[in-house]
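**Student:** Now for the letters of each chain:
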Amino acid sequence: MTIDRRMFLKAATGAAGLPLLGSVGSARAAVASRVVVVGGGFAGATAAKYVALWGGPGVSVTLVEPNASHVSCILSNLVLNDRVKYAALNFSHARLNQRYGIELVRDRAVAADPVAGKLDLAGGGSVDFDRLIVAPGIGFDPVPGLETPELQAMVPHAWVAGDQTLTLRSQLLNMRNGGTVIMTIPKAPYRCPPGPYERACVIADYLKRKKPKSKIIVLDANPGIQAEVATFLNAFNITYSGRLTYVPNAEVVRVSFEGARRLAWVRDGAGEVSYGCDVLNHIPRNTAAPVIHQLGLANVAGRWAGVNPLSFESTVASGIHVIGDAQGTGLPKAGHIANSEAKVCADAVVRLLNGWPIDEPARMDSVVVNSACFSPITYDTASWLNAVFAYDPATGLMKRVEPSFGEAGTPSKKNFEQMFKWANRLFDDTFA
Amino acid sequence: MASKKYGSIARALARCGLGATVLVAGAVLAATEDDRLLASQCLGCHAADTTGKGGFERLSGESAAEIAEEMSEMRSKAVGGNIMHLQARGYSDAQIQSIARWFALNAGVAPTNAAATTTVSGVAVAGTADKKESSDDDRPKPSRKTLTAKQRAKLKLLAGHR
Numbered sequence: 002m003t004i005d006r007r008m009f010l011k012a013a014t015g016a017a018g019l020p021l022l023g024s025v026g027s028a029r030a031a032v033a034s035r036v037v038v039v040g041g042g043f044a045g046a047t048a049a050k051y052v053a054l055w056g057g058p059g060v061s062v063t064l065v066e067p068n069a070s071h072v073s074c075i076l077s078n079l080v081l082n083d084r085v086k087y088a089a090l091n092f093s094h095a096r097l098n099q100r101y102g103i104e105l106v107r108d109r110a111v112a113a114d115p116v117a118g119k120l121d122l123a124g125g126g127s128v129d130f131d132r133l134i135v136a137p138g139i140g141f142d143p144v145p146g147l148e149t150p151e152l153q154a155m156v157p158h159a160w161v162a163g164d165q166t167l168t169l170r171s172q173l174l175n176m177r178n179g180g181t182v183i184m185t186i187p188k189a190p191y192r193c194p195p196g197p198y199e200r201a202c203v204i205a206d207y208l209k210r211k212k213p214k215s216k217i218i219v220l221d222a223n224p225g226i227q228a229e230v231a232t233f234l235n236a237f238n239i240t241y242s243g244r245l246t247y248v249p250n251a252e253v254v255r256v257s258f259e260g261a262r263r264l265a266w267v268r269d270g271a272g273e274v275s276y277g278c279d280v281l282n283h284i285p286r287n288t289a290a291p292v293i294h295q296l297g298l299a300n301v302a303g304r305w306a307g308v309n310p311l312s313f314e315s316t317v318a319s320g321i322h323v324i325g326d327a328q329g330t331g332l333p334k335a336g337h338i339a340n341s342e343a344k345v346c347a348d349a350v351v352r353l354l355n356g357w358p359i360d361e362p363a364r365m366d367s368v369v370v371n372s373a374c375f376s377p378i379t380y381d382t383a384s385w386l387n388a389v390f391a392y393d394p395a396t397g398l399m400k401r402v403e404p405s406f407g408e409a410g411t412p413s414k415k416n417f418e419q420m421f422k423w424a425n426r427l428f429d430d431t432f433a
Numbered sequence: 020m021a022s023k024k025y026g027s028i029a030r031a032l033a034r035c036g037l038g039a040t041v042l043v044a045g046a047v048l049a050a051t052e053d054d055r056l057l058a059s060q061c062l063g064c065h066a067a068d069t070t071g072k073g074g075f076e077r078l079s080g081e082s083a084a085e086i087a088e089e090m091s092e093m094r095s096k097a098v099g100g101n102i103m104h105l106q107a108r109g110y111s112d113a114q115i116q117s118i119a120r121w122f123a124l125n126a127g128v129a130p131t132n133a134a135a136t137t138t139v140s141g142v143a144v145a146g147t148a149d150k151k152e153s154s155d156d157d158r159p160k161p162s163r164k165t166l167t168a169k170q171r172a173k174l175k176l177l178a179g180h181r
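Protein chains in written order, with our numbering: chain A, 2 to 433; chain B, 20 to 181.
If we strip away everything but chain A, and leave its shape as in the complex, we get:
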């Protein structure tokens, strides 16, 4: 790929059209710099947009993503109880091109050479980069008993929004009244700490209203609820009492079938016990998406990409940055904070391309990310969770600012309304 004049002008026009975001320090790099972003989710789309805005006409941005649009995980649990239409969660990348001049390459990354600055694509081509930002999201550990794509489709995780969201929706819809649903929660860290508990509530709400004789069993590989403990304990024990059974320390080790029934097997001492159900929503243990492993970047517990929080640059490959759920700083993995990390990364990338430092005291004090999210608890109430994380120069790590950490006092209808304000703004900041 080469930077041609057309593309340069497109990038310039895109940035000039937005004086607000681009007004401070539009970079004046001596030569055009090339930034390539892999992955068009909350992390990747935000990074592409903000590098284009802040980098100015001296920086070209290319987004490598096999899909023309992104299906948001945020709000996708609400497809399961008919509170949000699936189609509304589909966000085109076209605006990133139209408004910011970001070049869209519909392909999949397969290999990267940080020294040569070359990214190889599944389609056989390649793109050149000065800095590469990888934001591919999560992958899953294989599940014994679910080796083939056909079997995997019968037991959807729906933990990456898309076809599996619709499959799970349709399985719930077609289940008999009186049927049992099992959902499983993987060992932490996984994508979206409150997400599985939120989903359990949403499915319980659906069963309560539409299949009142049905029940849901939640098998949690963790010793307890991982987020918003007070809120979800109350929901499980009171709101959905008699309908929802929560089992901690229950890691599913394999899945089998008995006619139409699905069996989730959990370790029990030296043996195993099975839980049978009509619909099984098994979320396998999470790891960084395959491309992180292919690029050799998964140096944290063999699962996640270690990065310097000041830049999100890989600790094993200079010039390659990893943001979003695939990175291994210990920050929670979720869409809102992925958008937030992307801004720190974009800022660092622009500074590095210009040869400016990223570790001046004032800059280090500006490396702050936030995690705010709303979780539906019933048909029309929601809770929220908040945390701010700041860079700690003493340890070189991101540290939670404790006074900022907390959950909603009680789920409310007001929170349910605010959940849509929150999500719609995040969608706009990321994709528009």
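No lab work stands behind these hints: they were computed from the structure.
Each residue gets a CB set at the ideal place from its N, CA and C atoms; glycine is no exception.
Be a bit skeptical, because a hint or two may be false.
Reference listing, derived: stretches of chain B covered by chain A, where coverage requires no fewer than 3 residues with Cβ under 8 Å from a Cβ of chain A [unchecked claim]:
{"id": "1", "stretch": "49 to 60"}
{"id": "2", "stretch": "108 to 121"}
What the simulated footprint calls covered on chain A by chain B, stretch by stretch (three residues with Cβ under 8 Å from a Cβ of chain B suffice, anywhere in the stretch; the number is not a length) [said to hold, decoys possible]:
{"id": "3", "stretch": "82 to 95"}
{"id": "4", "stretch": "339 to 346"}
{"id": "5", "stretch": "353 to 366"}
{"id": "6", "stretch": "420 to 429"}
Restricting the straight-line Cα-Cα distance to at most 20 Å, the calculated cross-link-like pairs of lysine-lysine (PhoX-like) are [said to hold, decoys possible]:
{"id": "7", "chain 1": "A", "residue 1": "K86", "chain 2": "A", "residue 2": "K422"}
{"id": "8", "chain 1": "B", "residue 1": "K96", "chain 2": "A", "residue 2": "K415"}
{"id": "9", "chain 1": "A", "residue 1": "K422", "chain 2": "B", "residue 2": "K72"}
{"id": "10", "chain 1": "A", "residue 1": "K86", "chain 2": "A", "residue 2": "K211"}
Position chain B against the provided structure of chain A, taking the given hints into account.
**Tutor:** For chain B alone, kept in the frame of chain A given last:
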């Protein structure tokens, strides 16, 4: 440290170009990249200019002092009922000043291209429960006409965070 800081400010000014600068009491103040980075973290929940859509109240048309005062006030309020009261506690006084400076200098700029008026279509709730007003907000809403500009701005800032 002092010279490094001076260099940083000088570099920021040099980079500003046609960007935001304001002359106050003979000194040129500018929002730096550091301010911009911190302020960008607000944009996940708040639109800042007429190009952004959705979210809680728009952060535009306020002075730095007003924004800083409001954020500082939020830090002292009870938690549990309002996510912003917790969010505000995540930032130091210096960081709040930095954020306030950026919004005061940069927010409220009108869009200059047609594309800026189209944004993503908002996701609406399906079903019927959303049609009735929420019952937990019974606070009286004063008429805008009787308020000063500053009061209106303040009301606007608080509106999304009850």
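**Student:** Each hint: holds or not?
**Tutor:** Status of the hints after comparison with the structure:
| no. | hint | in the structure |
| --- | --- | --- |
| 1 | 49 to 60 | holds (count 11) |
| 2 | 108 to 121 | holds (count 8) |
| 3 | 82 to 95 | holds (count 7) |
| 4 | 339 to 346 | holds (count 4) |
| 5 | 353 to 366 | holds (count 6) |
| 6 | 420 to 429 | holds (count 9) |
| 7 | A:K86 - A:K422 | 16 Å, holds |
| 8 | B:K96 - A:K415 | 18 Å, holds |
| 9 | A:K422 - B:K72 | 10 Å, holds |
| 10 | A:K86 - A:K211 | 18 Å, holds |
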